[in-house]
Structures are given as structure tokens and as C-alpha cells.
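**Student:** Keeping their order, the protein sequence lines are chains U and P. The working numbering applies: residue 48 is where the first sequence begins, and numbers increase by one. The working numbering applies: residue 409 is where the second sequence begins, and numbers increase by one.
One or more of the hints may lead you astray.
Unchecked claim - Covered, in the sense of this in silico footprint (three residues per stretch, anywhere, with C-beta under 8 Å from a C-beta of chain P), are these stretches of chain U: (1) 168-180; (2) 218-225; (3) 344-356; (4) 380-393.
Said to hold, decoys possible - Residues on chain P that point at chain U, a partial pick, calculated with CB under 10 Å: (5) D469; (6) E511; (7) S689; (8) A694; (9) L715; (10) P716; (11) T719; (12) S733.
Calculated from the structure, these hints are not laboratory results. For every residue, glycine included, the Cβ atom is placed at its ideal position computed from N, Cα and C.
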Amino acid sequence: MPEWRKLRELDVPFLQSELRSSIVVRLMMLILCMSLAVPGVGAAAVDEKRPAHVLIVYDSLALGSSKEGNIEALKRIVAAFGASVTVQSIDQYASGSISSYEYVIVVRNREDLNIGHTHFLKDLSTYPGAYLHIGADLPQSKSAQLGLKEEYRARETVSLSIGQLKESSMKVSGGRFITSYDGKGYGKFSMDGKQQTYPYGIQKGTTAYVPYYERGNLSELALGYLLKDWLKTEEQTQLYVLLTEIYPFSDLQALVRLADSLYEAGIPFIVSVRPVFSNTDYPAMKRYLEALKHVQSRNGSVVVQAPNVSATISQDMTTLDLKMAEFINVLADYGIAPLGVGAEMYWTYDQHYMTKGMGAFDSSVLFPNKEIKHMARVDTSQPFSSSLYTMDMSQMEQLEQKGLFLNPLPMNTALVLDFPTDEEAMEATIQRLMEEWTSFGDYKNISHEVNTEKYTIASRGGILYLNGEAVVLNAADRLISSEYEYISKGEKSFEKLFTMQNKILIVLILLSLFIFGCFLIIGHRMYKRKYEVRRRL
Amino acid sequence: MFVRSVRSNLLRFGTPSVVAALGVLIITILALFVPPYIGMADNGDYFRIIYSNGLYFSAPDYDQQYLGYFVKEYGIFQYFNENNASLFSSQSLFIRIAIIVNEWFYSSTWFDIRFQAAMYLLLYVAAVYLLVEALTWKLSAKRGYLIAALAIFLFADTGYTAYFSSFFGESIVWIMTMFVLASGLLLWRKRYNDYVLLAIFVISALILTTSKQQNAPVGLIVAVLGVVLVFIRKEKKYRLITWTALISLFVVGVGTYVLIPKEFVNINKYHAMTRGVLQYSEDPEATLRGFGIDRQYAVLNGTIHYLPYTTVDVDSQLLEDNFYSKYGFGSILTHYITHPDQAVKMLNLAARNGFTIRPPAMGNFEKSEGREFGKHTTFFSGYSLTKDALAPKTFGFVVIWMALVIGFYMPTFVQAVKTRNARQQLRLGLVLMLILMGLSGVFVSIIGAGDADLSKHLFHFTATFDLVTFLLIADLIGKRLWGVQDEAAV
Numbered sequence: 048m049p050e051w052r053k054l055r056e057l058d059v060p061f062l063q064s065e066l067r068s069s070i071v072v073r074l075m076m077l078i079l080c081m082s083l084a085v086p087g088v089g090a091a092a093v094d095e096k097r098p099a100h101v102l103i104v105y106d107s108l109a110l111g112s113s114k115e116g117n118i119e120a121l122k123r124i125v126a127a128f129g130a131s132v133t134v135q136s137i138d139q140y141a142s143g144s145i146s147s148y149e150y151v152i153v154v155r156n157r158e159d160l161n162i163g164h165t166h167f168l169k170d171l172s173t174y175p176g177a178y179l180h181i182g183a184d185l186p187q188s189k190s191a192q193l194g195l196k197e198e199y200r201a202r203e204t205v206s207l208s209i210g211q212l213k214e215s216s217m218k219v220s221g222g223r224f225i226t227s228y229d230g231k232g233y234g235k236f237s238m239d240g241k242q243q244t245y246p247y248g249i250q251k252g253t254t255a256y257v258p259y260y261e262r263g264n265l266s267e268l269a270l271g272y273l274l275k276d277w278l279k280t281e282e283q284t285q286l287y288v289l290l291t292e293i294y295p296f297s298d299l300q301a302l303v304r305l306a307d308s309l310y311e312a313g314i315p316f317i318v319s320v321r322p323v324f325s326n327t328d329y330p331a332m333k334r335y336l337e338a339l340k341h342v343q344s345r346n347g348s349v350v351v352q353a354p355n356v357s358a359t360i361s362q363d364m365t366t367l368d369l370k371m372a373e374f375i376n377v378l379a380d381y382g383i384a385p386l387g388v389g390a391e392m393y394w395t396y397d398q399h400y401m402t403k404g405m406g407a408f409d410s411s412v413l414f415p416n417k418e419i420k421h422m423a424r425v426d427t428s429q430p431f432s433s434s435l436y437t438m439d440m441s442q443m444e445q446l447e448q449k450g451l452f453l454n455p456l457p458m459n460t461a462l463v464l465d466f467p468t469d470e471e472a473m474e475a476t477i478q479r480l481m482e483e484w485t486s487f488g489d490y491k492n493i494s495h496e497v498n499t500e501k502y503t504i505a506s507r508g509g510i511l512y513l514n515g516e517a518v519v520l521n522a523a524d525r526l527i528s529s530e531y532e533y534i535s536k537g538e539k540s541f542e543k544l545f546t547m548q549n550k551i552l553i554v555l556i557l558l559s560l561f562i563f564g565c566f567l568i569i570g571h572r573m574y575k576r577k578y579e580v581r582r583r584l
Numbered sequence: 409m410f411v412r413s414v415r416s417n418l419l420r421f422g423t424p425s426v427v428a429a430l431g432v433l434i435i436t437i438l439a440l441f442v443p444p445y446i447g448m449a450d451n452g453d454y455f456r457i458i459y460s461n462g463l464y465f466s467a468p469d470y471d472q473q474y475l476g477y478f479v480k481e482y483g484i485f486q487y488f489n490e491n492n493a494s495l496f497s498s499q500s501l502f503i504r505i506a507i508i509v510n511e512w513f514y515s516s517t518w519f520d521i522r523f524q525a526a527m528y529l530l531l532y533v534a535a536v537y538l539l540v541e542a543l544t545w546k547l548s549a550k551r552g553y554l555i556a557a558l559a560i561f562l563f564a565d566t567g568y569t570a571y572f573s574s575f576f577g578e579s580i581v582w583i584m585t586m587f588v589l590a591s592g593l594l595l596w597r598k599r600y601n602d603y604v605l606l607a608i609f610v611i612s613a614l615i616l617t618t619s620k621q622q623n624a625p626v627g628l629i630v631a632v633l634g635v636v637l638v639f640i641r642k643e644k645k646y647r648l649i650t651w652t653a654l655i656s657l658f659v660v661g662v663g664t665y666v667l668i669p670k671e672f673v674n675i676n677k678y679h680a681m682t683r684g685v686l687q688y689s690e691d692p693e694a695t696l697r698g699f700g701i702d703r704q705y706a707v708l709n710g711t712i713h714y715l716p717y718t719t720v721d722v723d724s725q726l727l728e729d730n731f732y733s734k735y736g737f738g739s740i741l742t743h744y745i746t747h748p749d750q751a752v753k754m755l756n757l758a759a760r761n762g763f764t765i766r767p768p769a770m771g772n773f774e775k776s777e778g779r780e781f782g783k784h785t786t787f788f789s790g791y792s793l794t795k796d797a798l799a800p801k802t803f804g805f806v807v808i809w810m811a812l813v814i815g816f817y818m819p820t821f822v823q824a825v826k827t828r829n830a831r832q833q834l835r836l837g838l839v840l841m842l843i844l845m846g847l848s849g850v851f852v853s854i855i856g857a858g859d860a861d862l863s864k865h866l867f868h869f870t871a872t873f874d875l876v877t878f879l880l881i882a883d884l885i886g887k888r889l890w891g892v893q894d895e896a897a898v
């Protein structure tokens, strides 16, 4: 007998517990299925996971040394795990505040700085949460916990390998190398002509230690492997291809061609497009939109690149949210579904940019900072439900790679390529991607949501939605007419009257000129005659 | 007896030029050195000039005061200054001298902009003195004091003097233009030593040319129209010195243009296209094609790079390769010549902004005064406010004004040519020089940066307009327009 019948025959209070639980499970599954079918409802409930709150405390930014920029790099890589990050220098640390964080990372860039007397170390000694130490001066208690023994080398050329990746000839100065430890080791350092290897980082329980961390070499990326375990994230990750520097005045035909080539090769990709805030009704803009729509139909996902901040002194700074919403609406009106926002990392540490510029998006792609122009700087970043770590593809290609194809890195990572500006570079880029064996992910397979007053844009399970309706991906291009009235003629009143008046005036002027001419001739003749008469006399 | 002696002493020492200079001095002291101090807010340009000269923004809330409030105190770099001179400008010279004076009398760590204002004011008073002296020398007391009163009304206006308490190059432009005119007129009237006056003329023209990039043509204009100066004396020594000076001016003019930093050119070049050529084009795509630029750049039509958020960075390689490299000063000029309708529209737009002495964007008061953001002073602003309100703001008016002025000065010039009196020809040369300087300001602004920031770019036009108009009225009052040039050199 089917179970639903059994259910009808039995009084509810006497329902058997197994049966009851089975029904509950089914009902829950049904609700789940229904909610998944409606984008924006179920996913939010399922994905609702509190982001980890990480405190990064550093002694120095190490400006002018090889370690300069490692705090920035650390902030970016931790953000890629969906964590909310608070960054403070050890002097700024407020006594007692450590207890509000589940994870603490300490970066010691300068051994010569004495921090022994600070409140921070006192608070750290009783801190029960997870602890990651980067650089010099690991506290004694943590060292003992990790069973750590190290050796110091003033200057060394090493190779670092982790996962499938390896970088040789890295210059490490003032480096500590772990010779003995308890727990799990990550990556390995090796030196030319020596058998012995040393782990890049170690972790035991909730305590972890990385003695060497710099920006721009494999040590930057390698931290991700350790962070994934330390932050206890189990998310399946992917590698993505991301094309940047796409403007309305880029070579749009080349963009379409690139999209077609990647589509034929089965490579999904992301384009980070520059927003346009004015003249969005021009034919030039329509061509831009048409090209982006074509890209979208060719398995390309669109993210909106943050606008260029050209001046921070203007009083007109506050309209960013309206401008971004306007651009999103322009895209959506044309059937294009932007799924996230791409910005330099400092945007997430700025209250103004976060709320006004990125507020509409729940997904981000974070790029390294190029030129920081803060408006309202804050110490704590706001996490996104999905955040891509970015890395230049050329940088990745400089690393030695084991195996034909690259497995996903510990965090969702986008390999970045600038959109080529000339034909030759374009061919090279297409060729480069075609030859790639690595399997790249489709960005729209992750859940994203973008909200403006007019639109709710979402992607669920590879399908794009605009206000709940699935977007039809159509590659048929529309021809955009160049006819457009750039300068509005304005309404003309009394046109006939003025034309008539003009004509009358022209006639009058010509007439007076004629009369004036006549007078001139007559006068001249009279004068001449008088002169002649006088001469005769 | 006593009254008579006081009166005669007053008339002896209190000549119209002294009265005018003192009047300007006192009013400007009241404006700039007595609370509430008047100055000009930073529009974002200060950074370029002050950091390279060893100053920095010391106010913690400086960012919030941009455009709104005048800041009078800055920090002086105590250690190595890594900012290279990002701007080649004679203004740097004045800032550095002001810093040295500040360090002597005030502090070696803080710079008070009033030291710079005081230095400019002294120079300005000297310029006013020379100008009024040139126009009132040997004139009846009544007419002379009338001209002096007019000079005070015009030149003590805070629209002009507020610039002294700022790091804008306009202060130098204004003072040096006045020196050029004053020394030229004094040469015309054969007052003082010719060599000294020639030195003042050439040095002030040099400083003027190198004060701002857009003044590069000034050097060329002065060098060409100044050729008359060569013939006012016959000595070989004099002629050699004058030729050398004029040729150097020409070279400096060319040099100023060449030395313009790239970044500065980019912002202006961007606006020259987006706020100029494209703005009034009926078909921007076709216009772009005419320049060999991709038609897609039409989306930039009308955009201003001073806006906080833009599609593209003005210094991006993309624009460098596909946009800026396709046009220059020459091609834009050709475009306007072949599209006179657009040129007229731009000129009218310029005329609309060309009579504003004080740019509307920047405030005059310190934040501590508690005035509203961007508030302008009305203290002794009668002339600038009247001019802004009443001037007919079309380019047609400018043309009529030019025709009128040249017409007024032409008869004496023709007479001087007939009598082969080079010194007498000088006055129309000076008037033309000033008019052309002003016009070059208009053309350079439009061709070089479209209509972006026009009211500030057109300062030189408004300044020369005022000087020429003042000269004309003073000559009318002094009955020296067509009359016998007895006071002038013969």
C-alpha cells in the first residue's frame, strides 16, 4: 500500500515515528525543490552561511622591502574564502577586541620591532580561537604546540612546490625553514643541490604557521592551500577565464569573434565590462550591448567592472548607486544579465564604495589594488556570497605545472587576460586558450543575485533570470542603425512668421542698399558737376 | 597758509598713481589680511604645484574642504621630497621665495599662504602704480584722480585679489599682464629710463609666458608685436638688446608648449574632443571618422573627466593608442575652420563664461568662519559682480568691442606711421597685444580643452578685457585718444 494511503488511514497522533520522519523528509524535499525553482528564494535559504570573521594584525607594512604588499595579498586571498576581514596594525589594536573574532592571523614583517609589551600579545595568550602566524617571532606557546624546530638562513635561493605548481629560483632573505613539526605540512621548499626539503607551512588543530609570505611569487598562492583547511571551507572550487579591459570602444567585432572561438572550443568565460553612465541611447552604446548579448549567448558571463574613480574631491560622489543601477538596468533592458561586480580590493574596505558601488551585487571579482582612492575607508571588509580570487594568466604560466591540465586551486580563481587591442594579440589569445587543457568553470553555474529597483537578476544552476524569467540566449545579432538625432532640434514656434519676417527684412535691406547706392551715385555726380563748373569758372 | 601748504604737499606726493596704489593696497589688506581672511578654495589643482615645491596638505580634513573652503596653512616637507616638479611654471619661483620668507619670519614647518599673498600684493601695488602713472602723468588733477578712482574700483576688486591667497597661476598672469601693459605704456610716454622699462616689459612677459601652459602663445604674440620696440631708439646697443629679448621670448613660448607634462595634456586633450569637437557635432560618429577615430568613441560625447566616476581612465593606454594619437591642436583647429557653425557655438559658449572673474566653483572663506560650503565673498566685489551680471555674453559683443577699441586707437597709429614715429605706434601695438593675448586664451581653451572649466581657463581673456577697457576709458577721460600727443614721446 502506498504510504500516503497509510497516512490517510491512520490518525496523526498515532503515526509511526519512521513513517513520520519519512513524510517530513519528503515534504522538506518538495519545499526545497519548489524553492529552487523560484530563483532568489531557496538559494538564499540554503546558502545562508555566516561568513568567517578574520582579524589580521600586522606589525609593519614593510614598505620598501621585498615583503611590501604582502598584507594586501593576504587580505585578497582571505576574502576569496568568503570571510569578512578586519585589518589592524598592532598599535591600533583595542584591548579585549580579539575575543570577537573566530580567526586571527598575525603577520610579523619586521623582526627588529619589539612588540612584547602590547595589549595584543596579552590578549593573544588567552585567545581560544584559530590562530595563523605568518613571518617571524612565533609565540613560544604556539611553537610548542606545533612541535616546531626551524633553521635560519640569511640568504637562500629556493624552489617552492605546492599542489601541481612549482616555482624555482626564488630569492629568500632572512628566511626561516621548518625542520621539524607536528601536524600537517603544506608545500615544500627545496634548495639547489640539497636533498632536504622544508614545508611551506604547517597546521595542527586550529594553529597554523607560515614562516615566509611575499606577494608576487608562488608563496602568495600557496597560502590558499593552508587557508582552505584552516578556515574549514569545503566548497568545490573552479578555475575561470576572465577577460578584462572591455570598453564600449573596444574592437567589438573582435570580441564577438573571440566569444565564438571560445564557444566552439567549449570554454566558458567571464567578461568584465566597463560601465557607461551617459549616452546610453547612442547607436555606439547599442553596438556595445549587442556585442555583450552575443557574448552572453556564447557561454560568456558578464560582470560589471567598477568605474574608474577619476576624482574624489567632487561633491557629486554620492550618486554612484544610481549610476550603477542605471547601467545594470540598461544591460538588463537589453536582455543581458550581469552577475557580479569586479573591483580593486580597496573597494571592499570602503563604506562608500561598498554600499553605493557594490551594494546591488552579491558576487564579486576582486583585483589587486592599482591606485587607491578611498572615500570612506574602513578596517573591516564586507564579504560577498561569492568572491573570485584573480590572477594574471601570464603569472600562472610562469609557474611550472605538473600534468597537462591544472586542477582547481583551493579558492575560486579567475585567470585574467586583458582583452587584446590588436589583431595579432587577439590571434595569440585565442590560440593560447584553445591549447589549454585545463577545464574552466561556467560562472553562471554558481548562484548570483543582482538587485536594482527595476530588476532582480539571478543565475541558478547555469540559467540566467531577469525578474524571475529565464533569459533566452540568442546569438542572432541585430544590425544597429547609425541614424540618431544627437542634437535635438527643439520645438519651433512661429516658424512661418519668422521666415516671412526674415524675407521682408532682406527685401527692405536690399531696397535701402539700392536707394543708398543711388544717392551715392547722384551725390557723386552733383559734386563732380559742381567741381567742373568751378573749374570752368 | 598752512592749509595751502598741506594741499600742495598732498598734491605733490599724493599723485593719482600713489592714490590708486595706496587704495588698492589698503582694500586688499583689509580683504586678505584682516579676518575673515579671503582666499580661494582648492579645485584639485593645488596638488600639482605645491607638492613639487616642498609643501603638503597638512589639514587633516583637507579632502572635505576641496572647492568649498579656503585653506591658509600648509605643511613644509622636512625630509626628502619625492615629488618631482610635475609642472613647469614660473609660479614655482614665487612659491619658493614665499616659503623662504615664511621660514625667516614665521615657521620652518608650517607655511602660511598670506606670505605669498603679501609678496604678490607688493608686486601688484607696484604694477597698479606704474599703470596709473602711465595714464595720469602730466594730466590735470581732476582727471587724474578720476582715473585713480576707476583703477581702485577695478583693481582692488576681490575677484582679482582673492587669487593672491591661492596657488592658482592666475595671480601671476594678472600681475604680469599689468606689468607688460604698464611698462609698455611708460615706454610710449617716454617716462622713466627706457632700458629699465624694457627690462620690466621683457621679464614680466617671460614670467607671464611660463606661468601657465596655455600662455605659451603669449610669448609669441609679445615677441612679434613687440618688434616696434626695436625701432623706438636708434642706438645699436639698444636694438641688439631688444632683438635678443624678443627672440628669447619667442623661444620661451615654444619651450613652454613643449615642456607641458603629458598628464596635463591628456585631460585637456580628452575634453578638447568630448567637450569641444563632439559636443555640437550633428553626427559625432562621422566627426570621429574624420579624425580617423573609431566611431564607438561617440559614447564619450559630452563627458567630463572631472566627474567622479568615468568609463575610462584619462591616462589609459587604450585612449593613448586609439584616441589621443589621432588628433592634435592643428587638426582640431582645422576642424573648427571647416565647421564654422560649431566654432561660433563654442565661441559663444566661451563668451558666456568670459566675463566671470571669480570662478563660481570655488569658495572664498575658511571653514572655521562657519560660512556655507563654497560661499563667495562680496567684500569690494562691485566691479566683478556688475561685470558678471551686465556684460552681453555673446562673442558678437567681443567682436564689436574689439572693433571699437582698435577703431579708437587707429587714427593716432596711422598718424604715427605717417610721421614714422615708432614710439607713437607702440600704443596700438600694446592694445593689439592684449587683445590677442585674451583671444589666444579663448582659442587655446576651446581648442585645447573644449568647454571644460571654461570660466577658469578664460581668466586671461577677462583680465585683458578689463585692462584694455580701463585704458580706453582712461584715455577718454584724459582726452588722449585723438588729441595732440604732447605728453607722449616725440
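**Student:** Under the constraints set out in the numbered hints, which ones does this structure not fulfil?
**Tutor:** Of the numbered hints given earlier, those the structure breaks are 1, 2, 4, 5, 6 and 12, listed in rising order.
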